[in-house]
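2 protein chains.
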Amino acid sequence: MIIDKLYNRIKERSFVCVGLDTALDYIPLNMQEGKSIEDAIFNFNKEIIDSTCDLVAIYKLQIAHYESQGIDGLKAYKRTLKYLRDRDLLSIGDIKRGDISSTAKMYAKGHFEGDFEADFITLNPYMGFDSISPYFPYLESGKKGVFVLLRTSNEGAKDIEYLDVNGDYLYNKVGEKLEEFGKSFIGECGLSALGMVVGGTHSEEAKEIRDKFNNTMFLIPGYGAQGAKPEDIRTYLENLDKGVVNSSRGIITHYKKFEDGNENVGKYARQAVVDMIGDISGK
Amino acid sequence: MIIDKLYNRIKERSFVCVGLDTALDYIPLNMQEGKSIEDAIFNFNKEIIDSTCDLVAIYKLQIAHYESQGIDGLKAYKRTLKYLRDRDLLSIGDIKRGDISSTAKMYAKGHFEGDFEADFITLNPYMGFDSISPYFPYLESGKKGVFVLLRTSNEGAKDIEYLDVNGDYLYNKVGEKLEEFGKSFIGECGLSALGMVVGGTHSEEAKEIRDKFNNTMFLIPGYGAQGAKPEDIRTYLENLDKGVVNSSRGIITHYKKFEDGNENVGKYARQAVVDMIGDISGK
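Residue numbers (the UniProt record's numbering), protein chains in the order written: chain F, 1 to 283; chain H, 1 to 283.
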């Protein structure tokens, strides 16, 4: 099952998820000159991937950055996912889709098959659980997984996710239901292919959330630019193996801090990954 | 302002929103033969548009159907939006995006500019109001509008949207905040460019919702395949002018009911629109 493959990658490599949120202004000019938008984005991603793939669990592509460049951007999105697949590297399509059942089936087809095929995708539960269940056949097959938004890393998380529902946070209500569904998709590693997105920030509840959703793989954003602390992230990861920790800008634009950065994007991305593993694992 | 333009279209033409949810199996085989996927989808959409544009307020493209066909599908999405724009017809990109602020800016760029430019887009509020506010500069400009998910038309709406938050439904809490933000973007018609998606089903609360969110243009899905009743939809529309009512399959696959349908997709789509206007307006 794909969830076991991810778990093994975490064990063998690390909990790092590299966020390929490749905005055009993240790419040094010398890598853009004379190149199409598609090639510039793809080549940049390829250099990051080649320089980090033996160290990390998975790559996450935030599709908004690609959509912002229209068809050209999405061609780079497609090519990057294919490149990962061809090298047996794991991918998350960070698409956060959520819609009625007939539409969800179309999103599943779009992002678990064909041009935009990824191993995992992210989903938004606002419209309810019939917007999540159409993805279950893919989870049952063992070939695909999802991460559903639970409690996110942004300030605004408090607006809805933290609303008081009969004395408990809304996100706990959502999570309880997801955990229940997830029991049908548990791999040998003991974790479900129905994962959850839990921001590394707002860490007061880290221990409670980790204990409560014990069979759940977390996708943890918020490290780096958004300020999540290593000790909190350790709590979410338990034994450094129950989640993947995303960093995007912190890795892919690390080169900007160095005089020779423009010529060494991959080298500095790798350094950022090494630093991140040390920082979070506390070793 | 775009919201006044939409309001005027409702007054001059009707409240109908044609949902161009063009799945490949909605297109008759004679329109697919010898055609690329892009051309088959675009030509189908074009025939529907040409046959209905003098009768309807706006067109809505559910992007999942296009994403399900990968790059080819999105080329058809792009071409359909351009075709609408070139003919001064209004469009909604039904994308239901929702993400942190920096990502939301990318979605805004992607769907209010460039290849996928639409007049309105739909948004998902689960991550909180900082996932909505990045679109406000476009609303302020008067050129663009949004419809944020409030209470949707599917069964699963009860799972989260109806949760009890201090004695009120969650969707009311969300709506109150949206209505407050929306006050900054009210056009001459008295309605805000920050609209809401309110399903025509679950109609027990129709009158309450209409009265409560009085300055808000509704995008109303659920008519037709999902079973919303004409009298309830009338309540949401007030004087048949405070919202647009979407129908997708009911219009674009109406031709399937007729022996000569395959050759007359546009004609039967038009008939479905005429019938829908009569049914809902009660005239």
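Just so you know, the hints here were simulated from the structure itself, not pulled from any lab data. Treat the hints loosely; a few may be bogus.
Because identical chains cannot be distinguished in the list, a pair is counted as satisfied if it fits within a single copy or across any two copies.
To be verified - Cross-link-like lysine-lysine pairs, in silico, DSS-like; alpha carbons within 25 Å at most:
#, residue 1, residue 2
1, K158, K183
2, K143, K82
3, K11, K35
4, K229, K35
Against the structure, the hints come out as follows:
no., hint, verdict
1, K158 <-> K183, "between (28 Å within a copy, 22 Å between copies)"
2, K143 <-> K82, "within (16 Å within a copy, 37 Å between copies)"
3, K11 <-> K35, "neither (38 Å within a copy, 49 Å between copies)"
4, K229 <-> K35, "neither (38 Å within a copy, 54 Å between copies)"
In this structure, the earlier hints numbered 3 and 4 are contradicted, and the remaining ones agree with it.
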